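Participant: The chain contents come next:
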Amino acid sequence: MRFLHWLVLAFFLCGPVAAQNADVDRSATGGAQTLEDILARQNGQKIDESFRSSLTGDPAGAKDVTEQLGTLGGASQSDIWRAIRYDSASKTASGNGDLGAVMIQSGGMPWYEFREGPLREYGGGLLLVTVSLLIIFFGIRGRIPIDGGPAGTTITRFKAIERFGHWVLAGSFILLGLTGLLTLFGRAILAPYFGKELNSTLLIASKWIHNNVAWAFMLALVMVFVMWVMHNIPNRTDWVWIKQGGGIFSKSHPPAKKFNFGQKIVFWGVIVLGASVSASGLSLLFPFEMPMFAKTFVWLNATGLPDMIGLGALPTTMSPQEEMQLAQAWHAIVAFVMMAMILAHIYIGTVGMEGAYDAMGSGEVDEEWARQHHSLWYDEVKEEHAKASGASQPAE
Amino acid sequence: MKVMILGFVSVFAIAWGANMVLTQSSDFSSQGKYSGQSVRLD
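Chain order of the listed sequences is A and B. Using this note's numbering, the first residue of the first sequence is number -11, and each one after it goes up by one. Using this note's numbering, the first residue of the second sequence is number 172, and each one after it goes up by one.
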């Protein structure tokens, strides 16, 4: 999971990287950047900044106090600002430690550009593609019916506490998704058409909802995990389901226990991605107090994986601001993947399959639906009922 | 259906409770923590 964190972020944030010529002649600019450097940067190439980051003055070159420039020491104004920018200047902050001492944080620009560009484009694109595929799928497959029609008798599929946990999770996730999308897209999509005032009002409301509803999501995530984890451990039955492709196209009904393999994917997807989005969310909720990425990168470097695929060691020291930027980027990426997955889940649980919604609606499903989609679970429940009713029969 | 509505209402109840607790915590507000500081070059 951590490796995935790193891989996705490296892909988006690093951008195209071109080999930098270390032997560039900068004598014409006195060691400062050249037109080629500027053009290369504008082309999106990664520039080796060491020629600038190391150009922060030379105490040995300071003029004597008796000379005209004697009081300026060995560093020019430009040298000092370079030292500030590359965080090598000796400075003291009156508060907030490392956080307060960062005066210029260049990493903010790639993050900003990522958030304004690829994050919106690929994230929004993922959701649109998902909805389009679901519409196409519905056009091809239609609503999956109960073969032979409903039996008319029902069986309890989910108890009230299970449905409660599900709906707290679902309700909070929908709110978090919508307010997250408003936060990301509001300025680009709403403000130009409906005005900045409306966008601002929505953003203020979104922030309140997002920050506070997050706790309901985390609580329900734990609830759902505890209630259903035992039913979602993969077993041999899943292999049959996989081989038949879940019966999605073959129109067969592979055997399944309480949850089939497709539902297990959704369960573990929600748990793993939900835990990850919660962790990065907490990091954002308590700014600068829960840095995670540097620690994750230390762990990743120790595995040797980044080096193995030729990306070298990942940065293990980063400014508090950079930690927050990575947390935001990761939070949004994971949220988009979750939203795409949940769109498919909502589809199959509502319009995609006859009788499926009842499981979470009333908790009672049609017996024929249960026999067709969860045959092993249905047999278990019927067997339990038979035992219970047998035990309750008075002895003759 | 009743459980679904109860679930949705609970989302807001938890959110309201979280807001009450967190706004009581001075650490949650960044205004006091990050304003008025200065940085001096040595």
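Some clues are possibly wrong.
Label-pair ranges, simulated between beta-carbon atoms [said to hold, decoys possible]:
id, chain 1, residue 1, chain 2, residue 2, range
1, A, A139, B, Q195, 46 to 56 Å
2, A, A20, B, L193, 22 to 32 Å
3, A, A139, B, V192, 43 to 53 Å
4, B, V192, A, G32, 23 to 33 Å
5, B, F183, A, L272, 20 to 30 Å
6, B, S209, A, V339, 58 to 68 Å
7, B, Q195, A, V210, 34 to 44 Å
8, A, A267, B, Q195, 35 to 45 Å
9, B, S209, A, L272, 47 to 57 Å
10, A, M91, B, M172, 23 to 33 Å
11, A, A148, B, F183, 11 to 21 Å
12, A, L272, B, A184, 46 to 56 Å
Note that these hints are calculated values from the structure, not bench results. The structure presented is a predicted model; accordingly, all values stated were derived computationally and were not measured. C-beta: ideal position from N, C-alpha, C; glycine also.
Participant: Look at each hint and say if it fits the structure.
Facilitator: Consistency of the hints with the structure:
1. A:A139 with B:Q195: 46 to 56 Å: Since A:A139 and B:Q195 have Cβ atoms about 54 Å apart, the given range 46 to 56 Å holds.
2. A:A20 with B:L193: 22 to 32 Å: This hint is violated: roughly 49 Å between Cβ atoms.
3. A:A139 with B:V192: 43 to 53 Å: Given a distance of about 49 Å, which is inside 43 to 53 Å, the answer is holds.
4. B:V192 with A:G32: 23 to 33 Å: 46 Å, violated
5. B:F183 with A:L272: 20 to 30 Å: About 21 Å separates the Cβ atoms of B:F183 and A:L272, which means 20 to 30 Å holds.
6. B:S209 with A:V339: 58 to 68 Å: 60 Å, holds
7. B:Q195 with A:V210: 34 to 44 Å: 23 Å, violated
8. A:A267 with B:Q195: 35 to 45 Å: 24 Å, violated
9. B:S209 with A:L272: 47 to 57 Å: 26 Å, violated
10. A:M91 with B:M172: 23 to 33 Å: This hint is violated: roughly 57 Å between Cβ atoms.
11. A:A148 with B:F183: 11 to 21 Å: 19 Å, holds
12. A:L272 with B:A184: 46 to 56 Å: 23 Å, violated
Hint check: violations occur at hints 2, 4, 7, 8, 9, 10, 12; the rest are consistent with the structure.
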